[in-house]
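In the order they appear, the protein sequences are chains A and B. Residue numbering for the first sequence follows the working numbering, beginning at 66 and increasing consecutively. Residue numbering for the second sequence follows the working numbering, beginning at 28 and increasing consecutively.
Be a bit skeptical, because a hint or two may be false.
List time: in silico DSS-like cross-link candidates among lysine-lysine, alpha-carbon distance up to 27 Å [stated by the list, open to error]:
| id | chain 1 | residue 1 | chain 2 | residue 2 |
| --- | --- | --- | --- | --- |
| 1 | B | LYS318 | B | LYS36 |
| 2 | B | LYS58 | A | LYS67 |
| 3 | A | LYS164 | A | LYS135 |
| 4 | B | LYS657 | A | LYS164 |
| 5 | A | LYS164 | B | LYS484 |
| 6 | B | LYS599 | B | LYS522 |
| 7 | B | LYS118 | B | LYS98 |
| 8 | B | LYS484 | B | LYS318 |
| 9 | B | LYS448 | B | LYS484 |
| 10 | B | LYS40 | B | LYS522 |
| 11 | A | LYS164 | B | LYS721 |
| 12 | B | LYS447 | B | LYS40 |
Now the in silico label distances, taken between C-beta atoms and shown as ranges [as the list claims (entries may be wrong)]:
| id | chain 1 | residue 1 | chain 2 | residue 2 | range |
| --- | --- | --- | --- | --- | --- |
| 13 | A | ARG315 | B | ARG178 | 49 to 55 Å |
| 14 | B | PRO102 | A | ARG105 | 57 to 63 Å |
| 15 | B | GLU199 | A | GLN222 | 17 to 23 Å |
Quick look at which bits of chain A chain B covers, simulated, 3 or more residues with Cβ under 8 Å [claimed, not checked]:
| id | stretch |
| --- | --- |
| 16 | 83–90 |
| 17 | 176–188 |
| 18 | 261–275 |
| 19 | 334–343 |
For the record, the hints were derived by calculation from the structure and aren't laboratory data. Every residue gets a Cβ at the ideal spot worked out from N, C-alpha and C, and that includes glycine.
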Amino acid sequence: MKPFEYYAPETLEAAVEIMARYEEGVYPVAGGTDLIPKMRYGQIQPKVVVNLKRIPGLAEIVPQDDGSLKIGALATLTQVASSPKVRERYLMVAQIAGKMASVPVRNLATVGGNLCNAAPSADLAPPLIALDAEAVIFGPQGERRVPLEAFFTGPGQTVLGRGELLTAVVVPPPDPQARGTYIKHAHREALDIAIVGVAAWVRFEEGGSVCEDAHIVLGAVAPTPIRAREAEAAIRGAPLTEERIAEAGRLAAEAARPIDDVRGSAWYRREMVAVLTRRALFSVTISQ
Amino acid sequence: MTQFSYIGKRIPKPDAWAKATGQVVYGHDLKVPRMLYGKILRSPLPHARILHIDTSRAERLPGVKAVITAKDFPPRRFGFAKDRTPLKGDKVRRVGDEVAAVAAVDEDTAEEALELIHVEYEPLPPVFDPEEALKPDAPLIHEERESNLFRHQEYVHGDPDRGLDEADVVVEDYYELGYMQPTPLETCFCLAAFDPSGRLTVWSTTQIPFLLQRDLAEALGIPGSHIRIIQTAIGGGFGRGLDMYSFEPICVWLAKKAGQPVRLAFTRQEEFIAAECRQPMRIWARSGAMKDGRLWVRDVKILLDNGAYVSWGTVTTLVFMETVGSLYRVPHARVISDSVYTNNPITGAVRGFGNPQSTFVVETQMDRLAEAIGMDPLEFRLRNVNRPFEETPQGIKITSCGLKECLEEAARRIGWERRKKKEASGTKRRGIGIAATMNVGGGARIYRSDGCGAIVKVDDFGQITVMTGATEIGQGSDVIVAQIVAEVLGVQPDKIVIVNNDTALTPWDVGVHASRTTFIAGKSALFAAQEVKRQILETAEELLEVSAADLELRDGYVVVRGSPDRRVPFDKVVRARHFREGGQVIVGHGWYDPPNEMVGADGKGNISAAYGFGAQAIEVEVDIETGKVKPLWVVSAHDVGRAINPMYVEGQIEGGVVMGLGYALLEELQVREGRVRNPTLLDYRLLTALDAPKIESVIVETDDPEGPFGAKGVGEMGTNPTAAAVANAIYDAIGVRITSLPITPEKVLRALKEQRSGEQ
Ligand SMILES: Cc1cc2nc3c(=O)[nH]c(=O)nc-3n(C[C@H](O)[C@H](O)[C@H](O)COP(=O)(O)OP(=O)(O)OC[C@H]3O[C@@H](n4cnc5c(N)ncnc54)[C@H](O)[C@@H]3O)c2cc1C
């Protein structure tokens with residue numbers, strides 16, 4: 066590893082001030098479970114590393130007055146998995162947080178790190194996007210919010226500008242009429258990156274089986290996590306029948322833009338998008 | 028049955044606690060005064076001429092103590108085929124070839140120095156495909172050779188052509204088997220230090236301390252007598268340590284040039300790129316049977332990709348032949364193998380050593396034949412198993428043999444009859460498959476000697492110390508040797524000290540391979556202990572004035588049979604021998620070289636003094652929409668002669684099964700154009716504890732006539748049949764045959780789609 070400058074500021078303002086000094090080569094570090102391996106493998110060579118863990122409050126999970134839930138960027142996966150606030154409101158988020166990586170990694174890895182690392186396969190992205198979460202960003206110009214869907218701009222790339230940090234994600238109040246699920250398809254049961262991940266969130270008409278609204282989000286099949294909007298449209302406004310579900314699977318597969326890599330071929334990924342979309346939709350229908 | 032005091036007892040590993048709590052000192056933990064850190068500059072190209080190497084900037088970097096290239100030392104060749112030098116001076120033949128090395132005060136400085144070395148290459152046309160490599164116009168990888176063919180071998184018994192004509196049914200398949208890494212937890216390590224008199228000590232993770240001593244001497248031009256190998260606590264081997272690699276002489280050269288001790292350890296990435304892996308094979312195989320259930324003929328052609336250099340791993344074809352020719356009774360058999368140079372990673376020895384490959388072929392074709400003649404695959408196997416004390420046409424002299432029992436027991440436990448009434452639920456389909464294995468279990472004479480020595484001594488405190496040539500790589504040989512000596516001398520095994528890691532102290536051994544340590548090191552320790560027992564009794568006779576025939580050894584005492592009060596402790600016996608005129612020490616030595624023979628050019632000969640047998644029955648669940656295969660349950664039954672320590676036998680079986688499942692389903696070093704695409708433990712996937720199914724180990728004891736207390740080897744067997752049993756179970760579940768490994772979800776899904784489109 067190459068030598069680098071290291072800061073451990075104790076306020077957000079100080080962190081942002083340090084970050085903003087550099088045009089490039091400056092990296093915040095949270096759990097370090099993405100950053101450190103990349104440094105070791107020489108994929109990146111930071112000039113400056115800014116530790117965010119001394120900044121108070123960033124790891125908190127706090128319900129907001131409007132019923133939404135603010136999950137601090139520094140909250141660890143273990144925290145998210147075991148938080149009753151997350152479990153009760155957004156079970157799919159807690160469940161995947163508790164299955165990612167391994168116990169030791171989950172004790173370090175953070176929500177913010179997973180999102181800012183911006184791997185197309187990041188497991189928290191599809192369920193959080195499906196829930197319409199917002200990214201809370203703090204920088205030299207103060208705070209701004211962007212829909213999480215718009216947060217990612219490419220593999221390893223986000224909308225974060227010079228000096229900006231992700232401080233939290235805010236998830237809208239849970240909808241009693243809605244169900245969500247995230248299916249991660251990987252080779253191993255643990256310690257593995259998704260070949261494909263599909264999150265589905267469906268709001269049903271009160272007391273019925275008609276789908277009022279649907280969000281289908283695909284991970285690991287495009288440069289960023291993507292919504293499968295044609296697939297969503299195909300099921301909106303009608304009961305979720307087997308035929309419609311199959312059609313949604315087909316349309317989701319069409320929306321995918323997968324590549325061949327060490328985890329799977331583009332062909333296989335596309336096939337899996339259809340299968341997992343169907344399974345996700347069946348599962349929310351059954352649990353309805 | 029004989030009553031044993033310590034043989035057959037489940038004695039836990041004494042170092043288990045220390046290992047689990049991080050107290051064991053592995054090579055990577057070692058530090059000696061003035062130690063430097065070595066790093067190797069590796070070729071980024073698969074095939075290129077080296078035009079020029081400029082190390083001047085690296086040499087000027089503060090903290091760098093030595094920079095070496097091939098020019099610094101005479102180019103001595105080493106390796107199985109003497110086809111490589113430690114540092115490459117003329118050309119590189121694979122991505123990862125060693126071109127320069129540095130030693131510096133810390134790792135970061137050494138890494139930085141590597142970046143300052145400039146190498147000018149002239150790329151040469153590479154060849155990655157072993158079939159392409161055999162074409163007359165293929166680029167020559169070793170210019171001193173006429174072609175890229177390293178070796179052509181033919182084995183025949185009976186008349187295979189006639190056999191194929193006569194057989195009622197013949198099945199034919201093409202197989203493609205990929206790279207697998209041994210992946211021990213501890214990566215390659217070496218620490219080299221010269222003492223003031225110029226003698227060299229090397230701390231190493233090797234599995235072959237005495238051959239390494241010889242190989243280093245040859246590569247370095249230092250007399251072997253000046254080289255001492257000390258094995259550190261070794262974090263796993265799985266065959267990785269069976270050849271000397273280039274980094275070992277490089278490390279010594281760095282120490283020589285720097286005049287300081289140098290440590291060289293692989294990163295995990297380097298381990299994936301530069302440690303030798305299981306050889307990929309292309310296999311064309313035909314098997315034939317008679318309608319009445321007699322296996323009739325096998326005809327196999329193998330193309331083995333050695334990679335850029337040849338290691339001991341090329342001998343895997345011998346093991347391959349044995350499975351083809353002798354796992355079952357077969358009147359006609361032929362194996363033709365070509366092993367070829369390519370610009371791919373180097374292949375070497377990995378647990379099973381050719382047997383996982385051959386067993387995959389043989390045992391999937393057994394199922395195909397059974398189906399073709401309409402016989403149950405278990406029944407078909409039982410009809411053709413070898414029996415005890417049979418000699419096969421290959422010259423394999425089977426002695427104890429529990430293959431039939433293993434097959435029956437594995438099938439019974441998994442509920443073989445459930446294959447008939449299968450229920451499909453949703454998208455999941457279940458299936459059960461079985462496969463058998465035969466593995467050398469009494470050594471394997473691939474080197475001129477298959478021997479091991481042992482020394483047992485008793486000191487004047489009554490302490491028993493065993494010095495054995497055997498290497499402990501986590502398998503538990505320390506305790507096995509102690510149990511054997513304990514049984515002879517009548518002391519608790521935990522009272523015995525084992526010294527086994529230093530060529531300056533321990534007697535010679537050929538190495539820890541071929542599942543041979545219990546059998547051979549065990550037997551040599553047995554002989555040494557028997558000699559010690561004789562010496563103890565000789566003196567005790569005088570002290571107790573009772574003839575040796577009426578004495579026995581128990582709990583550290585020589586006791587008069589029938590009168591337990593009349594006894595004398597070992598320490599007193601020893602002192603009585605020391606403190607007298609013409610005194611003597613109590614020390615016994617043993618040497619055991621098993622009655623086996625080297626395989627001839629015709630592929631025949633009794634390579635081992637005993638053979639282990641086993642059978643695995645595996646139940647899997649296949650998801651027909653995703654192609655994912657989930658192993659649910661494995662029953663693995665093994666004839667080990669006698670289990671000296673059943674807990675360790677189970678450990679070997681379970682570990683073997685998990686490794687076999689990795690080969691079957693997950694583990695694949697993805698090599699494209701000579702480059703490893705997945706050199707990380709995240710993307711080279713070993714099974715995690717969550718992926719491992721329930722494993723039931725069954726020990727079948729047949730009391731081998733040659734092995735120590737009837738024991739045979741078990742180290743590799745668990746890995747051999749797994750992939751075949753999984754493939755057979757998948758076929759049972761969904762009716763598709765996958766003939767390439769690993770069986771990825773993608774392959775299964777494609778095969779299912781082809782099956783469906785075929786049905787339409
Ligand atoms: C063995 C292993 C298994 C893994 N398994 C999974 C898995 O199953 N699923 C999965 O999705 N991922 C997995 N990962 C990846 C990783 O663990 C997760 O992405 C994790 O959530 C990253 O969080 P971190 O806090 O460690 O990030 P860090 O490594 O600290 O940071 C990651 C990146 O984000 C930036 N960053 C961090 N925090 C902020 C912030 N608040 N504002 C702006 N930028 C920031 C850093 O500069 C860096 O570029 C695995 C990693 C390992 C090593």
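Each hint, compared with the structure:
1. B:LYS318 to B:LYS36: 47 Å, violated
2. B:LYS58 to A:LYS67: Holds, at about 23 Å.
3. A:LYS164 to A:LYS135: 21 Å, holds
4. B:LYS657 to A:LYS164: Holds, at about 18 Å.
5. A:LYS164 to B:LYS484: 54 Å, violated
6. B:LYS599 to B:LYS522: Roughly 17 Å between the alpha carbons, so the hint for B:LYS599 and B:LYS522 holds.
7. B:LYS118 to B:LYS98: Between B:LYS118 and B:LYS98 the Cα gap is close to 13 Å, so the pair holds against 27 Å.
8. B:LYS484 to B:LYS318: 61 Å, violated
9. B:LYS448 to B:LYS484: 62 Å, violated
10. B:LYS40 to B:LYS522: 13 Å, holds
11. A:LYS164 to B:LYS721: Roughly 21 Å separates the two Cα atoms, so the pair holds.
12. B:LYS447 to B:LYS40: 43 Å, violated
13. A:ARG315 to B:ARG178: 49 to 55 Å: The hint (49 to 55 Å, Cβ to Cβ) holds, given that A:ARG315 and B:ARG178 are roughly 53 Å apart.
14. B:PRO102 to A:ARG105: 57 to 63 Å: Once the Cβ atoms are compared, 34 Å apart, the range 57 to 63 Å for A:ARG105 and B:PRO102 is violated.
15. B:GLU199 to A:GLN222: 17 to 23 Å: With Cβ atoms ~52 Å apart, the hint is violated.
16. 83–90: Not satisfied, violated; 0 residues make the cut.
17. 176–188: violated (count 0)
18. 261–275: violated (count 0)
19. 334–343: holds (count 3)
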